[in-house]
Every structure is written in structure tokens, then in C-alpha cells.
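For chain U, the structure is supplied; the task is to place chain Y on it using the hints.
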Amino acid sequence: MTFLLRRIVTTLPVLFGVVTLSFFFIHFIPGDPVEIMLGDSARLADKTQLRKELGLDQPIATQYLVFLKNLSQFDLGTSLQSKQPVLNEIFEKLPASFELGLATLLFSLVLGVPLGVISAMKKNGFWDWCFSTLALVGLSSPSFWLAPLLIWLFALELNWFPVSERGGFLHLVLPTLTLASGIAALFLRLTRSSLLETLNEDYMKTAKAKGLSTFQIFFIHGLGNSLFPLLTTFGMVLGSLITGTVIVETLFDWPGLGTLLFQAIQNRDYPMVQGCVLFVSILYVFVNALTDVIYQLLHPQVSVDS
Amino acid sequence: MKYWSLSLHAGLFLILFLSLLALFAPQLSSHDPNFIELQNRFSSPTFQQPMGADQNGRDIMSQVLFGASVSLTLAFAVVIVSVLIGLIVGCLSGYFGGWMDSFFMRLVDIVFAFPGFLLVLTLAAITQGGSLLHLVFIMALTGWAGYARLIRGEVLHLKHKEYILSSEALGANHQRKILVHLVPNLWPPILVHASFGMAMTIVTEASLSFLGVGVPPETPSWGSLLNSSRHFLLEAPYMSIFPGLALLLTVLAFNLFGEGLQDQFSAQTKYKRIHDEP
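In the order they appear, the protein sequences are chains U and Y. Quick note on this note's numbering: the first sequence kicks off at 1 and runs consecutively. Quick note on this note's numbering: the second sequence kicks off at 1001 and runs consecutively.
The set of hints was computed from the structure by calculation and includes no laboratory data. Each residue gets a CB set at the ideal place from its N, CA and C atoms; glycine is no exception. Treat each hint with caution, since some may be false.
Simulated DEER-style distance windows between Cβ atoms [claimed, not checked]:
hint, chain 1, residue 1, chain 2, residue 2, range
1, U, Tyr295, Y, Leu1107, 33 to 39 Å
2, U, Gln296, Y, Leu1133, 41 to 47 Å
3, Y, Asp1032, U, Ser41, 31 to 37 Å
4, Y, Pro1188, U, Leu4, 34 to 40 Å
To spell it out: a stretch of chain U is covered by chain Y in this simulated footprint if at least three of its residues, at any positions, have a beta carbon under 8 Å from a beta carbon of chain Y; those stretches are [as the list claims (entries may be wrong)]:
hint, stretch
5, 133-142
6, 238-245
7, 278-284
Excised from the complex, chain U in its bound form (with noise of 0.2 Å):
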């Protein structure tokens, strides 16, 4: 319970650093932000009014504490473009966007724990040999060649699947597939090393002198122990999750967040960028944080300041 607390108030200050950063980010604009949303030729009568609308003609003091009064309501202001509130924008794209990220961390696990079994299985040999080349190039290589590729071959040439849009089921693979030659070449390399290491360790050996089957010691002592530490990973996972999105989404299509938030770039709508940022990071820094948490209720063992 202390640790919780613990983690709570070391979230805290990080939460506060993220808000002001975001607050931040529309002042970094070179020149007159105004501006450049409403482009060259704008009227001034419309510069003025949207200046007045973003807060933008009062000392910034004044503009962090609006923001920060906003934020304690769940206001995170207007879209310039569609003129709807950006939280109620955000809420709409998320089902999408999680459809997309669960399908994609299910098939990493699918695809990526048996393969680091087999390879930790099989150390050194042909198979272990193939799979870690396999894992070393999807870690390389980079979303947006490969969608295209897949796109090519799968979409275009053997007419398998669609190309892009959300809609059923095989909507998902090409982008599920694309997100997930990262992720799930990650999985194959943690289970693998986590996998030889749990092998060492002796209560491996008193299962086997105990005259367990190789079954038995594999999959019971061996994988359950060993599965764990990828929990600690998640964080990680979940960052390579939402920057693949971003491109994954545009790639595609794919009516989510990512695209949600790179279409308010394009379109220079900074309330939203700034809204979907700090929605990302603030859900980013919470999961982190709950990761911690669980980890910590499952092993207790694990020192928090280690």
C-alpha cells in the first residue's frame, strides 16, 4: 500500500511536467501562431477573434491558469476545424485505435512467445539461428515500407485483403501485421533471454531431479517464471504501440487517433494537436504507472528501489 502511494505521488510531478510542456508546445511556434493557422491573407477581424478564442491577447501567467482550470474539467478546448469540443474528437477515434493496438499486442504474443520458446529450446541451433535473424530484421525495419509492401502483395497483386479502412475482420491484418513485425520480434527476444536465464536457475535443476517430464519443467516451472518479466516491458511496448500507430493509421487509413492527430498537423489545428498529445502522454504515463503497480502485487520479492 505504501508503495502505491509512493508511485502516486512520484507520478505527480512527472503529470504536472507533461500539462506544462503541452501548454508549452503552442508558444513554440516561430512567429504569430494566429497566423499561421489562418495563413497569410486571413482577415484581421478574424486574427483578433481567434486570438480572443484561444486566450492568446492575455499574459501567458494568466493563459497557464485557464488551461490548467480547463484541464481540471476535462476541457481540452476546440478543434479550429471541426469546432467540436477535442476531447469529445479523441473519444470518438479511441475504439478504433484500441481495436487496432489489442489486435496487434494479441498477435505479438501469439506469434512472438512460442517463437522464443522454440529458440531457447533449440540455443544456438538452426531454428534459434532463423528466428533471431527473423526478430533482428523485424525490429529494423520500418513501418511504412513495409505496409506499403504488404499493401503490394497482399492488397494489390493477390487481392486477399482490402487496402485500407476499418470494417471487419480482414480490414485488421495488413495493419495489425505491420504494427505488430516490431512487437512481436521484441516478445521473441525477451521470452528467449528471459527463458535461458529461468533455465539456470536451481530450482530448474530440483525439478528435473525430481524426475519431472521435460514437458513439466519446460512449461510449467520454466515458462510461467519466466513470462513475467515481460510485464516490466510494457511501457515499452505501449510507446513503439502509439509511434507505430501514428504511421500505421495514416498508412491505412485507419480511422483512429493516430490519424486524428497527424490530420490536425496537416491542418495546423493546434488545440487539437496539443489535446491529442497530452491525452496520449497523460494515458502513457498512467499505464506506466499501473504496470509498476501490478508488477509490484505480483512480486512482491522486488525491491522498489532497485
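Leaving out everything else, chain Y in the frame of chain U:
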């Protein structure tokens, strides 16, 4: 003990090879990468143009070669700047501790709290239209934190070693202890991290350019090449294949090198441990 690793040597070889290609891009490419020749649109790979031509008839191989020099130079600059900042912050934090440590590490936490790419993407997008230098600055702004955390940890570990204590006994001041005794021993982990950092920075730059907020429009870049080529997948799949392969190969090279180094250093530490301790 065998200190020879395939990945280290393969990675090093690839990096040297790619660097040479990038260095001699102007001599090696047969065309001006921005030379538009409309009658040559979508010409398939030939002997004169081994990678074909794009939608404006520009030679793809020249663009890929010039893209290599842009990509590698940019990534190198980002990594150097990040390492320098990380080195200063990490040494100060780890060595002096106290409020300085708390302050810097909270700063690192905040940088880490953002999903890295998202921060870079947003900064690049809202300050758009900048130069290459500007892009270096943005990427280093988020890149330094990893090095700072790594170096701080190393310094914390090293500062209680006997050779540091004995230098103190000999009257060395803080400056001498840090610059002469600590920093030289920090290179192995930094080098490993920097190699992976190169791979990551190259992908980040390509992603930004792919999304249209990276290098300025006239600069040849793998990312922007891949962006324009994806609209012509049916007519000219080779337009996607070659720039992507170049990118894959480069990222692979740095990943291999980093892994090889990591294995080598951990093998050396193990070797030392076995032989130092009775």
C-alpha cells in the same frame, strides 16, 4: 575466451560501407537527384538507372545515395549532441547527487513520460519549415534523456571504485576526478547506447520526413521518397522497394553493431570478473 562476434563485424562492415556510399554520393550518382526529366517518368530499373526513375523522372539511385548522406549526417549530429548533453547532466547528477540529481532526474522523467516519437513529431510539426539544424535540435531535445539516465547510473556505480578513491587521496579535485578518471570509463556503455541511438534516430528522421514534417522538401530523404512512392505502388513498386531496403540495411547495421558491442563488453566484464576475483 573468443572475442570475435559475427554481429559486431557484420555491423561494422555495413556501417563503413554505407558511410563510404554516403560520403561519395556526388561521385557515385550518375544523375542530379533533383533533376526532373518528365519523358523518363516511371522508367523501370535499367543498367543506367539501376533503381529506376520516379513520377517526375528523377533518378532513384541518386536520391537514395544522397538520402544516405543526409540521413547518416543528421543522425550522427543528433547522437553527438545527445551524448554531450547526457554526459554533462549524467555526470553532474551521479557525481554530486543531492538537489542537482533530483532536479535533473525529474526532468528526465518528464521527457520519458512522453511517448518519444509523439513529442518529436509534434515539435517538428509546430515549428515546421526549419532547417536540418533545427531538426537536429528537436531530436536531441528528447534524445539526451536516455544517455543522462544511463551515464548517471554508471557514475553512481563507478564513483565508489578504488581508483577514484585513490585519486581523491592523491589530491585530485572534482574536475580532475570526473574528466580524467570517470569519463574515460563511461565509453563502453555509451557506445552501445549510441549505436542503438543511431538506428533509432535514422528511423525517426525517416518517419518525420515520411509524414512530411522532417527534412525540407528539396532535400533528398528516404522517408519522403517512401511517402511519394506509396501512391504509385501498382505502376512502380520498385520505387518503394529500394529506399526501404536502404533504410532497413542501415538500421540493421547499427543494431547489429550495437548488439555485437554489448556482447563483447559483457563478455569482457565476465572475463575480468572470473580472472580478477579468486
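Hints and how they fare:
In this structure the hint that Tyr295 (chain U) and Leu1107 (chain Y) lie 33 to 39 Å apart at CB is violated, the actual value being about 25 Å. At roughly 44 Å, the beta-carbon separation of Gln296 (chain U) and Leu1133 (chain Y) lies within the given 41 to 47 Å, and the hint holds. A hinted range of 31 to 37 Å for the beta carbons of Asp1032 (chain Y) and Ser41 (chain U) is consistent with their spacing of about 35 Å. Checked against the given bound of 34 to 40 Å, the beta carbons of Pro1188 (chain Y) and Leu4 (chain U), roughly 37 Å apart, stay inside it.
With a threshold of 8 Å between beta carbons, the proposed coverage of the stretch 133-142 of chain U by chain Y holds, since 6 of its residues qualify and at least three are required. Look at the stretch 238-245 of chain U against chain Y: 4 of its residues bring a Cβ nearer than 8 Å to a Cβ of that chain, three or more, so the hint holds. Only residues whose beta carbon comes within less than 8 Å of a beta carbon in chain Y count, and the stretch 278-284 of chain U has 3; three or more means the coverage holds.
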